[in-house]
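Given only the sequences and the hints, what does the whole structure look like? Please build it.
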Amino acid sequence: MLIRARLLQMLSVLERTGGAAVSTDTLNAFAYFANVLSPLWDIDPIEGSVLKQGAPRFPSLELELDALVGAGLVTVISLTQPTAGAGSSVVATFRINHEKSAPLLDSIRMLPDEQSAESFLLELASAFLEIRPDRQDDAAISDAAYSNPKVAHGRVVDFAEWVSPRRGNAAWNVAQSFQRYVPERVTLSRAEKLVMYMHLMKRRAHG
Amino acid sequence: MADADSLGGVTAEEVAALAEAIGVPADAGASLLARFSRRVADLIATRQAKGESGQYAVFLQSDEVSAHAQRCKHVEAPLLANGADPISDAVWLATSNLMLSFRLCLAWSDQASLFDAIRGVGLGHIPAIVVDFRGQVPIGRLYRSGLDNAHVADDIALDDSPITPAQMKTALDRFYEASLRTPLLISEGHAMKVWKDAGRGIPEHRPEERIQGRLLDSLRGVFSRHDLRAEPVTDDGRADIVISRKTTTKGNLPAVIHEWVLELKALADMTSTGNPSTTDIPAAIRSGLEQALAYKQRLNALCAALCCYDMRADDCGDTACFAHIASDAAASGLPLWRWYMFRSTAAGRGANKHVMAG
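As they're listed, the protein sequences go chains A and B. Heads up, the first sequence is in the working numbering, so the first residue is 81 and it goes up one at a time. Heads up, the second sequence is in the working numbering, so the first residue is 16 and it goes up one at a time.
Any given hint could turn out to be false.
[Claimed, not checked] Selected chain A positions facing chain B (Cβ under 10 Å, derived; list incomplete):
| # | residue |
| --- | --- |
| 1 | Ala172 |
| 2 | Arg215 |
| 3 | Gly248 |
[As the list claims (entries may be wrong)] Chain B is faced by these chain A residues, among others (derived, beta-carbon under 7 Å):
| # | residue |
| --- | --- |
| 4 | Ala100 |
| 5 | Gly128 |
| 6 | Tyr261 |
Hints are computed from structural coordinates only; laboratory data are not their basis. Ideal Cβ placement from N, Cα and C applies to all residues, glycine included.
Next up, the structure:
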């Protein structure tokens with residue numbers, strides 16, 4: 081249920097910030113950054129680890145997305161058959177159904193910590209959507225934890241499962257390390273660290 | 016230095032290079048509305064440099080832009096933010112980052128019919144920025160709660176002129192009137208609470224910090240060509256806002272002008288735990304003045320002000336509140352500003368009647 085609520089919040093902030101329908105690729109990449117960077121806001125990640133295989137994917141999130149579509153809270157905007165050789169799955173884009181989801185989102189906001197989660201996700205969405213849609217997967221692959229050369233392809237990237245979501249999470253460490261490179265009188269806020277981190281991911285993904 | 020392993024696949028050199036390249040991001044932490052205001056201001060500046068002419072432009076900020084666009088005939092304008100195309104004499108509907116934008120095909124001939132046309136398609140409730148291009152310099156007004164509430168509006172600084180004390184005071188007054196004056200205003204829009212129990216005069220923990228966050232966002236929307244930063248709140252309850260502007264020197268070198276330092280103080284006679292406060296309020300006010308002056312000097316800022324938010328039971332008035340530091344502040348040219356925070360809407364109404372009768 082927690083994943084479903086967070087998923088609804090994620091779709092809501094992506095719509096509010098960028099306005100465009102989102103693909104499952106975009107959603108997975110966004111969810112990945114939401115998981116690794118949530119400790120900046122003192123929020124527990126929904127998932128603490130992910131299989132390192134291609135771009136990060138969260139099967140449980142995709143299952144919940146199907147459930148939200150079934151409940152009419154999310155609308156399928158488009159279905160596209162990829163060109164030959166690009167894989168067999170149909171590519172879908174989604175958008176939150178404002179009318180139906182608004183009361184639920186209002187209720188979620190009333191829960192402890194969820195208002196803070198919304199402000200975190202809004203900040204993340206604003207920075208994430210600066211990355212070109214066709215490079216958002218690359219950005220997630222470029223993440224400090226995911227791209228750690230010590231974690232081989234096919235192994236699990238652990239950023240909060242058995243390790244500390246802070247000290248044991250390379251993304252958190254990199255975000256904190258920006259403080260060393262700003263003028264002495266400046267104390268970076270968590271939002272500034274997050275935005276700088278996502279700028280770094282954009283730079284890595286865009287090349 | 017951090018252990019290289021702790022940074023995973025990122026190197027310390029990359030972090031350093033990125034920090035040097037982008038500096039401290041100006042919009043981080045801003046609300047969607049403040050971001051929208053700043054993006055629109057950037058667009059206006061770009062268009063002004065390209066000789067934009069015309070009468071008005073309206074920018075509507077939507078959280079559900081695709082649905083809102085269906086209210087009337089529209090044309091997508093995916094490159095609006097680039098500033099390559101004229102923007103005046105049109106109504107634009109966009110996301111906060113202008114990433115998805117539409118020009119709305121509405122019929123209007125003057126100011127009144129322009130506002131009516133927007134209200135007529137049911138978009139009078141969403142935030143709007145109206146820009147008047149008829150003068151030498153464009154004039155912007157921000158309607159935070161839409162054109163349906165046209166009486167609630169802030170002037171937006173669209174040029175790069177320094178912020179005058181009058182402009183700053185107006186912006187602070189507007190913030191107080193719209194967000195702080197009574198407990199009801201404070202609780203609107205899921206905003207962070209300042210009172211724990213307003214009726215009993217009990218503030219939340221570190222009320223300065225809560226006021227600071229909301230004020231910062233409000234000012235970001237108004238002074239949309241400036242960079243605004245909040246310095247962390249310290250144990251003595253002090254909170255600063257620094258407002259600066261990027262420029263270039265005569266030698267064409269990048270420079271930053273610190274225009275304003277705002278020193279915030281919440282004056283409370285109760286603690287957040289419901290006990291009488293032992294804080295020496297006059298001493299705290301004097302300390303605020305000294306901090307403002309010291310910070311102004313340290314940053315070589317053009318202006319500074321001490322802003323007191325008075326949460327005490329009795330409204331003693333500005334003169335009595337600042338009597339012990341008035342001459343020192345005047346000698347330093349530092350304005351002393353104070354706003355009284357009513358503990359109930361009824362008390363606020365009563366004060367209005369008193370002012371009107373007086």
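Problem set entry | Violating hint indices (sorted, rising) | As far as the earlier hints go, 1, 2 and 5 are violated by this structure, in ascending order.
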